[in-house]
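Novice: With the hints as extra help, turn the sequences into a complete structure.
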Amino acid sequence: MATSHLRKLLTVITESALEKDLCSDLESLGAHGYTVTDARGKGHRGVREAAWDPSGNIRVEVVCTKETACAIAEHLKAKYYSNYAMILYLSDVEVLRPEKF
Amino acid sequence: MATSHLRKLLTVITESALEKDLCSDLESLGAHGYTVTDARGKGHRGVREAAWDPSGNIRVEVVCTKETACAIAEHLKAKYYSNYAMILYLSDVEVLRPEKF
Amino acid sequence: MATSHLRKLLTVITESALEKDLCSDLESLGAHGYTVTDARGKGHRGVREAAWDPSGNIRVEVVCTKETACAIAEHLKAKYYSNYAMILYLSDVEVLRPEKF
Amino acid sequence: MNGFGHPVQAQNGAPDENRRVKKHFLQNLSLKPLKTMTTLDPVILFFLLGLFAGLLRSELRLPPAIYEFLSVILLISIGLKGGVELSKQSFGSLVGQMGLVLALGFTLPLLLYPVLRLLGKLARADAASLAAHYGSVSVGTFAAASAWLTAHSVPFEEYMALFVVLLEVPAIVVGILLARGVSRETRWGKLAHEIFLGKGIVLLAGGLIVGWISGPQGVEPIGGLFFGIFKGVLALFLLEMGLIAAAQAGNLRKHGLFLALFGIITPLVCALIGGSLGAAMGLSIGGITLLATLAASASYIAVPAAMRLAVPEANPALSLTAALGVTFPFNVLVGIPLYHRMAVTLFGG
Amino acid sequence: MNGFGHPVQAQNGAPDENRRVKKHFLQNLSLKPLKTMTTLDPVILFFLLGLFAGLLRSELRLPPAIYEFLSVILLISIGLKGGVELSKQSFGSLVGQMGLVLALGFTLPLLLYPVLRLLGKLARADAASLAAHYGSVSVGTFAAASAWLTAHSVPFEEYMALFVVLLEVPAIVVGILLARGVSRETRWGKLAHEIFLGKGIVLLAGGLIVGWISGPQGVEPIGGLFFGIFKGVLALFLLEMGLIAAAQAGNLRKHGLFLALFGIITPLVCALIGGSLGAAMGLSIGGITLLATLAASASYIAVPAAMRLAVPEANPALSLTAALGVTFPFNVLVGIPLYHRMAVTLFGG
Amino acid sequence: MNGFGHPVQAQNGAPDENRRVKKHFLQNLSLKPLKTMTTLDPVILFFLLGLFAGLLRSELRLPPAIYEFLSVILLISIGLKGGVELSKQSFGSLVGQMGLVLALGFTLPLLLYPVLRLLGKLARADAASLAAHYGSVSVGTFAAASAWLTAHSVPFEEYMALFVVLLEVPAIVVGILLARGVSRETRWGKLAHEIFLGKGIVLLAGGLIVGWISGPQGVEPIGGLFFGIFKGVLALFLLEMGLIAAAQAGNLRKHGLFLALFGIITPLVCALIGGSLGAAMGLSIGGITLLATLAASASYIAVPAAMRLAVPEANPALSLTAALGVTFPFNVLVGIPLYHRMAVTLFGG
Ligand SMILES: Nc1ncnc2c1ncn2[C@@H]1O[C@H](COP(=O)(O)O)[C@@H](O)[C@H]1O
Ligand SMILES: Nc1ncnc2c1ncn2[C@@H]1O[C@H](COP(=O)(O)O)[C@@H](O)[C@H]1O
Ligand SMILES: Nc1ncnc2c1ncn2[C@@H]1O[C@H](COP(=O)(O)O)[C@@H](O)[C@H]1O
Ligand code: NA
Ligand code: NA
Ligand code: NA
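Residue numbers (this note's numbering), protein chains in the order written: chain A, 1 to 101; chain X, 1 to 101; chain R, 1 to 101; chain W, 1 to 349; chain H, 1 to 349; chain D, 1 to 349.
Keep in mind that the hints were calculated from the coordinates and are not lab data.
Treat the hints loosely; a few may be bogus.
Across the chosen pairs, the derived CB separations fall in these ranges [said to hold, decoys possible]:
| hint | chain 1 | residue 1 | chain 2 | residue 2 | range |
| --- | --- | --- | --- | --- | --- |
| 1 | X | Pro98 | R | Ser28 | 51 to 59 Å |
| 2 | A | Lys20 | R | Ser28 | 22 to 30 Å |
| 3 | X | Glu49 | D | Val95 | 42 to 50 Å |
| 4 | H | Lys88 | X | Arg45 | 26 to 34 Å |
| 5 | H | Ile264 | A | Glu99 | 16 to 24 Å |
| 6 | X | Leu6 | A | Lys20 | 26 to 34 Å |
| 7 | D | Gly189 | W | Pro337 | 48 to 56 Å |
| 8 | H | Glu59 | X | Arg45 | 47 to 55 Å |
| 9 | R | Ser82 | W | His193 | 33 to 41 Å |
| 10 | X | Lys77 | H | Lys190 | 34 to 42 Å |
| 11 | R | Tyr81 | H | Ser90 | 48 to 56 Å |
| 12 | R | Ser82 | X | Ser28 | 46 to 54 Å |
| 13 | H | Leu110 | A | Glu99 | 51 to 59 Å |
| 14 | W | Ala103 | X | Thr3 | 20 to 28 Å |
Only some residues are given here: those of chain R computed to face chain X with a beta carbon under 8 Å [claimed, not checked]:
| hint | residue |
| --- | --- |
| 15 | Leu9 |
| 16 | Val36 |
| 17 | Glu94 |
| 18 | Leu96 |
| 19 | Lys100 |
Computed list of lysine-lysine pairs in DSS-like fashion (alpha-carbon distance at most 30 Å, straight line) [claimed, not checked]:
| hint | chain 1 | residue 1 | chain 2 | residue 2 |
| --- | --- | --- | --- | --- |
| 20 | A | Lys66 | A | Lys42 |
| 21 | X | Lys100 | X | Lys42 |
| 22 | A | Lys100 | R | Lys42 |
| 23 | D | Lys121 | X | Lys20 |
| 24 | X | Lys66 | A | Lys66 |
| 25 | A | Lys77 | A | Lys100 |
| 26 | A | Lys79 | A | Lys100 |
| 27 | H | Lys121 | R | Lys79 |
| 28 | R | Lys66 | R | Lys79 |
| 29 | R | Lys20 | H | Lys190 |
| 30 | R | Lys77 | R | Lys100 |
| 31 | X | Lys77 | A | Lys42 |
| 32 | X | Lys77 | A | Lys77 |
| 33 | X | Lys100 | A | Lys66 |
| 34 | A | Lys42 | X | Lys100 |
Remember, it's a predicted structure, so these values are computed and weren't measured experimentally.
In this text, a Cβ means the ideal position worked out from N, Cα and C, and glycines have one as well.
Specialist: Here you go:
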């Protein structure tokens, strides 16, 4: 696999209520795609159970360049961190087709 | 993103039946939070289908310090590995607000 | 955790319709296990909503050796990339029991 | 009869008979403490079952998809039923009532806000959000109240489902204005979309319109799902609501006495206002009871969703704990019969 | 009657009465524009509700598990009903009809393919895939058509559910052959497995067999779920289908006029072919209407799944947009009554 | 009648008529092999459908949420029905029976354990776990048995749902004691919580209590969901159970002949013990059949969950394969009629 390229994987875990807004933020900040799964969990803002719809979490993944990842992270921090249950982390990934991300 | 900090992401994949016990273990070992998603899969203990509730897997993620991650990993290995379908892996992640993890 | 070992985590995000074929490919290429979660998302081939079954995505994870990961990645690229919605990325993970992967 | 395949006997047994027989049986057993329960509908017993199971931390959890399914059926059923009755009314005669009900929806949150600011010493956003929750309505409570009235053979204006739709929205608008003021740039277009096209309104109003167009015989073929199993669906829904209400108990301990008191006193006061309006509007005793219940109920679906996006700095735990953990159980277990008694006593001349 | 616990009045009200009353009510209101809707079944109104909610980008989304649940009940209900009627037929008398219907299933895609290649200028795989979609059938459309006929008191051959099963498969085989040719190594074994053991066929054929073995009284105890709430389940299913159809609208804009035209003209032509065959087979007017509807309908479950695996280079957006975004709504809203009128006019001597 | 909107004819057709007609029809077709199936209830046919679809590796998979939904309705229905009948009994007269049934629950696993250790040569934990599974009961099997009795017009003591609750727990306690001994520190508090507040017990016992408090007429308004569609829900549930049972077939090949033999012989022996106890308790033939079936059935919900946490070193594949892959199908397809025949032959004097 000589042709692999480095990108960033940004993972955001937050309230389901934000899905729509968050995804349109991601697109306008330059992400070429995203993947969402339903999740539940616990953090500083307590248990989020998913017993009924709006009480659950979503887990959003974006593979993108380092610059885009940082821009998204800063934006989310500024816009959502103070009022919403949200965590966010970044890791390094290799991709095969760099033009896609 | 000058202010990013290194943490460990611990991912555990195991039987849904363990969710309650596992999460309380995580908390008592110092995790500040965790995220759970439902999953299915196959490993050394065969196919786990999620066709009905207890036959499925969960995928649990914890972002924490290296020390906590190792403590949790050792604990889970000792307590569950011999009798339960379980795998566990660690990776490096960058977080924005280190005080949360 | 002196005894941790390096492996690759391969993550594939693709159409749910491929689950059966993809999993049997993984096994025949040497993966010792895999984990599947249901997902939705957006990419070059548009929105995949999961509103009804076949319109959704799956997110498949495989922990394996570097060689196996590359073999799988090449195979998937050759077999599915041109006709299916699919992305694929690799990252480094540490595992406790190397013989399992 | 010894099987599961057939409905239980006496489809036409009068409810009074029913209660008499039950009392009789319980007296024979001489289980005195149960006697107070003789007026408990099975749907209420299912709510209690969920509540106890939740408080005892039972494993019992219904998948979210089931909760969705049950609430979809409830919303459509209520809408359909209301629409069918609406089709029997001349629309003109209702415009006056509709205006008054809308006015109630704007007034209630305006009354509650100063109380929350001054007595509750809550921050502006939190006070506005709580006011919006209690100014709006809970469809589950409305369903429980209709079922209670039916079980007690109290007739009511079936078209009141229309009032549920009307009462759902104004409090949201008022709440956002209270939190943000008029000056700041709230994205009203996006918000209106969010509110009017949310699940609750679409299904309730959609059901109303379908019922209204189709009329009584038109909806009959789909009645098996939407009317025939309605009360069973309500029982399961309340079981789930009991579990959800119990899950709020932890928060309740945290946020203290104020929420508990607010969650009980507010519905009492609002019921009086709503009931009086109903009487002024010339509703029947059943109708007065229902309007009182609507005023007394607090939203836990439409308003939380709207507030989370429009007033994110309001703490959602506060309003959900009060609405789901205190007011919903209070209304379902104590409030509804109380509001009926109130209607009879004050307006039953 | 003032509660939710009981089905709406007049279980035995004749449908004609029904429509007369409805018309009467709407005239009194003098809401002229609604008058064209007087023949709209509530299940169609629910489809429109879903369509509008979807087009307006409502929050309304039913969890996939509910969609699955509804479609499982629909498939089994249709199968059971067909099987019960089959048990009243002598099997021998149907073999001829079955052969003709199978021939229809092989012929339709062969007729459509050249049109798509020459007029539509589509690539081979895309033309073959679209031909397979339109050569096969949609169970949801069949259910809507049966409900429409029942609501309009048009009798039909109930065993036609058998034809749904028969028409589902041949077009898939033809489509794959058109795309791949006979020479190339298609894994037919795997494909046959995929097709015959897919959800749709298993439940429909399974229901048929159960109904056929059990006979009318045998299935009666399970009738509460599979017949009693059938039309309500269909209403919810069509609500969801409306949402799904609306979601295809975006694609429609992209893929332009051709798909829209193809999605409307094809069902008209196919309906004529299917209806003529039905008349030749000696079916009743209702049966002719149903066979016309089946021919006019396009698969959106079995065929997309099979094509995705067997002809992956075909763009699934093309066929789904046409089948779900154009043809399904067209058939449900306009086609079914039209095909009935056609049957009466052409073959109603 | 030619539509889906109405239940199939002859709501009051006697089951005997039913079977006669069916036989007649099948003889006319002269399909001899089918003749043995004439006593097959449609719910059993749905089980077979699931089994075959599963063994043929069909795509058919119901979402887990549906499985949950169906089992919630089943558990509550059975509980309600039992509770209603309980409300007609004097409680005192049942205490004796309840004691005997509890004793049965403690005895069965103690009888099975030595057999599994000595004949099966199983490890301590595995033997204890299997003993617990077979000492406890399966609610699905109970539902199938009640439906079978009803379909064959065999009356039984409806309050036996109470025995299901009573039989569910003791075997778990015995199993854990057998695996762990008394000395070791098992966390009984946590376990008791796990067991008594598991989904199964809460819904079954909850339904019992609600039915018991509400009485026959009290539960009537919720009967549409819990009784009206019960048998259809059971049919879908058994379809799913067929799929699940088929999925165990792979394991069966692995774990060999012993499990297959154990899974068939154990229910036969247990049925004899349970049936004899029923006869000694003075139950009717239907009641004897049901108690035999309960004794013969193996738990696949409550016990697996409890054992997984309390005796994790027991291999869950062993007990699930036997209980789901062998004993459940055996009981549903062969056992129930057999236990009825046994009851008639041995105790039918
Ligand atoms: N340390 C953590 N590890 C993994 N997930 C976390 C962690 N902390 C929080 N989360 C997830 O992020 C959500 C929001 O976190 P918080 O804002 O801290 O309440 C929680 O509901 C969890 O699902
Ligand atoms: N190599 C692997 N890669 C990804 N997931 C795995 C792997 N091995 C096992 N798993 C997951 O972990 C669960 C338990 O594994 P095991 O204990 O090996 O049966 C499986 O059901 C899979 O979901
Ligand atoms: N940049 C990305 N980051 C995360 N997920 C993506 C990204 N691009 C695509 N995906 C996911 O992969 C699926 C297929 O992608 P595509 O083939 O580009 O349509 C999408 O539906 C998304 O779920
Ligand atoms: Na209110
Ligand atoms: Na067609
Ligand atoms: Na047993």
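Novice: Decide, hint by hint, whether the structure agrees.
Specialist: Taking the hints in turn, this is what the structure says about them:
1. X/Pro98 to R/Ser28: 51 to 59 Å: 43 Å, violated
2. A/Lys20 to R/Ser28: 22 to 30 Å: 40 Å, violated
3. X/Glu49 to D/Val95: 42 to 50 Å: 43 Å, holds
4. H/Lys88 to X/Arg45: 26 to 34 Å: With a Cβ separation near 51 Å, H/Lys88 and X/Arg45 fall outside 26 to 34 Å, so the hint is violated.
5. H/Ile264 to A/Glu99: 16 to 24 Å: 39 Å, violated
6. X/Leu6 to A/Lys20: 26 to 34 Å: 32 Å, holds
7. D/Gly189 to W/Pro337: 48 to 56 Å: 38 Å, violated
8. H/Glu59 to X/Arg45: 47 to 55 Å: 41 Å, violated
9. R/Ser82 to W/His193: 33 to 41 Å: Check passed, 39 Å falls within 33 to 41 Å.
10. X/Lys77 to H/Lys190: 34 to 42 Å: Once the Cβ atoms are compared, 41 Å apart, the range 34 to 42 Å for H/Lys190 and X/Lys77 holds.
11. R/Tyr81 to H/Ser90: 48 to 56 Å: Distance hint for R/Tyr81, H/Ser90 holds at roughly 55 Å.
12. R/Ser82 to X/Ser28: 46 to 54 Å: At 50 Å between Cβs, range holds.
13. H/Leu110 to A/Glu99: 51 to 59 Å: Violated, since H/Leu110 and A/Glu99 (Cβ atoms, about 41 Å apart) do not stay within the stated range.
14. W/Ala103 to X/Thr3: 20 to 28 Å: 52 Å, violated
15. Leu9: Hint on R/Leu9: holds, closest Cβ of chain X at ~7 Å, below 8 Å.
16. Val36: 5 Å, holds
17. Glu94: 4 Å, holds
18. Leu96: OK, holds: R/Leu96 within 8 Å of chain X, min 6 Å.
19. Lys100: 7 Å, holds
20. A/Lys66 to A/Lys42: 28 Å, holds
21. X/Lys100 to X/Lys42: Violated, at roughly 33 Å.
22. A/Lys100 to R/Lys42: Holds. A/Lys100 to R/Lys42 sits at ~12 Å (cutoff 30 Å).
23. D/Lys121 to X/Lys20: Violated. D/Lys121 to X/Lys20 sits at ~34 Å, over the 30 Å cutoff.
24. X/Lys66 to A/Lys66: With Cα atoms ~24 Å apart, X/Lys66 and A/Lys66 stay inside 30 Å; holds.
25. A/Lys77 to A/Lys100: 26 Å, holds
26. A/Lys79 to A/Lys100: 27 Å, holds
27. H/Lys121 to R/Lys79: 27 Å, holds
28. R/Lys66 to R/Lys79: 20 Å, holds
29. R/Lys20 to H/Lys190: Distance ~12 Å between R/Lys20 and H/Lys190 Cα, so the pair holds.
30. R/Lys77 to R/Lys100: Roughly 26 Å separates the two Cα atoms, so the pair holds.
31. X/Lys77 to A/Lys42: 23 Å, holds
32. X/Lys77 to A/Lys77: Status violated; Cα separation ~35 Å.
33. X/Lys100 to A/Lys66: 23 Å, holds
34. A/Lys42 to X/Lys100: With Cα atoms ~12 Å apart, A/Lys42 and X/Lys100 stay inside 30 Å; holds.
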